[in-house]
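Participant: If you read the sequences in order, they're chains A and B. With the numbering used here as the guide, the letters of the first sequence map in order to residues 1 to 93. With the numbering used here as the guide, the letters of the second sequence map in order to residues 1001 to 1136.
Don't read these hints as lab results, they were simulated from the structure. Heads up, some of the hints might be wrong.
[To be verified] Heads up, simulated DSS-like pairs for lysine-lysine below, C-alpha to C-alpha not over 30 Å straight-line:
#1 A:80 - B:1115
#2 B:1048 - A:44
#3 B:1020 - B:1034
#4 B:1100 - B:1115
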Amino acid sequence: MADRDLEMLNDRDIGVGEDVIGDRPRRYQRRRPRNVVPDYVDWKDVDFLRNFIPERGKIMPRRISGVSAKDQRRIAQAIKRARSMALIPFVAD
Amino acid sequence: MANRTYEVMYIVDPETADEKIGKLNEAVGKLIEKEGGTVVRMDDIGRKRLAYPIQKKTEGYYVLFEIEGSGQEIAELERRMRVNDMIIRYLTVRVDEDRKAADRKREKRERRAEKRASFRPAPDSGASPAEARVDN
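All chains, full assembly: derive it from the sequences and hints.
Facilitator: What follows is the structure, encoded as structure tokens:
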């Protein structure tokens, strides 16, 4: 994990980047997708959707979830539907 | 009009008597048939804990319908659900297009896997990684 090795690859491959939020850039490390996203994202499949909901109940950003933009949109939509049917909380305490 | 497939889920007040819920479900089925739709699937999920309270209730009786039709019956059904105070929440989702897209995606993947297999004859007949993926 030497820095020199990391430089060889481009940032997209390794999943390391910087985000400028506020005055200081924040480093983040992208997680590899832990889940294969099914062809059809079912809003009733709570067990699957829970993979994308951390402790607080928010939708995990793409930067961290590591799924494609298209899949992220479908997952986000499904989570919102599940929320409105009280399958998933809006906020978890 | 082309046929569309919808999923309709609603939550019934858990304090309602079971036979009343049964009647309500029947009435929904009948309404759909009358308006020219067909009930593909009816799933009585039953009592479940709500993720957050709705109208001070912590439980709900979930029912799921899968309906095929033009969309007219959905409009009528939603109108009735809105005024029915047994139903505390409902949601309709059109699913046919997303399902078709999912099917196309799967087919494409299978075709690609076939092509790949024909180029590189596998020494052993083990499952290829594409086949091992989760479907649906």
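Participant: Hint by hint, which ones does the structure fall short of?
Facilitator: 1
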